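In order, the protein sequence lines correspond to chains A and B.
Mapping of the first sequence onto the working numbering: position 95 corresponds to residue 95, and the numbering continues sequentially without gaps.
Mapping of the second sequence onto the working numbering: position 227 corresponds to residue 227, and the numbering continues sequentially without gaps.
FYI, nobody ran anything at the bench for these hints, they're computed from the structure.
Since this is a predicted model, take the numbers as computed values, not measurements.
Just to be clear, a hint being listed does not mean it is correct.
To be verified - Stretch by stretch, here's where chain B covers chain A in the computed footprint (C-beta under 8 Å, at least three residues):
id, region
1, 4-10
2, 30-42
3, 52-61
4, 72-82
5, 91-105
6, 171-182
7, 243-252
All C-beta atoms, glycine included, are put in the ideal place defined by N, C-alpha and C.
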Amino acid sequence: MNTLAAIRQGRQGYVLSAPALALYVGLLAIPLLLTLVLSLNVFDYSSGINSDAYTFAHYSSLLGDPYFYEIFLRTMWISALTTLLCVLIGVPEAYILSRMGAPWRSIFLILILTPLLISVVVRAFGWSLLLGADGLVNQTLQAFGGSPMKLLYTPFAVVIALVHVMLPFMIIPVWTSLQKLDPAAEQAALSLGASHFTVIRKVVLPQVMPGVLSGTLIVFGLAASSFAIPGLLGGRRLKMVATLIYDQYLSELNWPMGAAIAVALLLLNLLIMLSWNRMIEGRYKKSLG
Amino acid sequence: MSRNGPFALLFHALVVLFMLAPLVVVCLVAFTPENTLSLPTTDFSLRWFRAVFERADFVDAFYNSLILAFSAASLATLIAVPAALAITRFEFPGRDFFNALFLSPIIIPHLVLGVALLRLFALMGVNGSFAWLIFAHVLVITPYVLRLVLASAIGLDRSAEHAAQSLGAGRFTLFRQITLPMILPGVAGGWLLAFINSFDEVTLSIFVTSPATQTLPVRMYVYATESIDPMMAAVSALVIALTALTMILLDRVYGLDRVLVGKQ
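If we strip away everything but chain A, and leave its shape as in the complex, we get:
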């Protein structure tokens, strides 16, 4: 029966996947290809996009123009700093959560993670209220005798808000790998006289490393392509790659240039993910011997 049944199974599988496949080919693969082609089209400000002429000019100005270079560099360091802060805050927090007692653990886990489901525009607006010239943070500073600082529309505001948005993406994978940790291993190390610090360093940390690495990956990727946070908290002058693409498309109307930057952003994202993946695999193989 097997060949026949296998063919029938296969056919049913394709039939059931067909709507999803049509959606993904039509609205994912084709648009991405069109954008790749668009990024190679000639553009000039008087006649617009010339779909019949091709050029690498947009990519070469992406590499050569100091304006673009500066924005890419800023995006990289802001994302890297955001990722670092998420590791420094998210990993201990996940550990503390995992050591809490029954009702509190779920309550705080949900409290900390649900901001994830609230619109990023709302969260950005919340930070602009807190960090504004007469916002709560500056009022507190003044109450303690300090002088008000310009916080909004600075890299500081963007990083703080990005950490707020990305922290759940770090806590979730770390939490998941903490769940696999056998508490007996910690107990054993403690009973053998290891200090608490040694237990964390030698027993807990190595076990949660895969979670930390995948969290790092997600946070960096999302931060590097974030749009609403730099758009609302960075102001007009503090551009990141995503707001740059938006400007190219909707104010400059130079779609081919915008498309080239979008392709570069996508490639950069995929490159980071693939190299991280390889690194994680490499570490995993090594630790298995």
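Given the coordinates of chain A, work out where chain B should sit on it, guided by the hints.
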């Protein structure tokens, strides 16, 4: 029983404060009687909520978002459920590729999807059409439904299905009477998660909406880049309330902790 020391608990308190502060501030400022963005100190007022409902552009954008999220989540469910069953039930060449492909919009930046769809829609001459906006949203939210339905369809006990089949149940009866009730938490949870994600989506939508099809987050984004006033806080508070309501439902049908951190 907590095994955390006082230093750990202080750290924890600061993290919770950090996560909730911007949301709490938004909700408080929404009730200010003043014209400025100040925390209400002596009395509370609903004037800014009234102001929201007097703004036709915000009300329209809210209805757009509601209809959009409802239709997109429903379509995404109709697409994701068969795909999830295909992936869990049937062996066929390319199955793993399909699985990876169907989850891929999660790792592609919404901004890139937005500009890519803008190009497609412009070439087709349908940019700003509400129907195509729905399809764009279906693309980005299908992975969420798929993930939850996959989780509930994997490791499902098939004996009830086999029994029904041997008793002569047709394929559709089998699905409706046996399979669907068993994966229902995943389907309903997936629908709600997709609804929230569609309702909140701003980055992709900003490229493929026209003034007539503007969604609430896009309207709010554009408004906030131009001016900041307490009305924006009132809209935000309403969005938070609606999201909270959806989250409570999601918790009831699927379990919020399972959605957020997977199986416990």
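Inset, instruction - If any of the earlier hints don't hold here, list their numbers in rising order. - result: 3, 4
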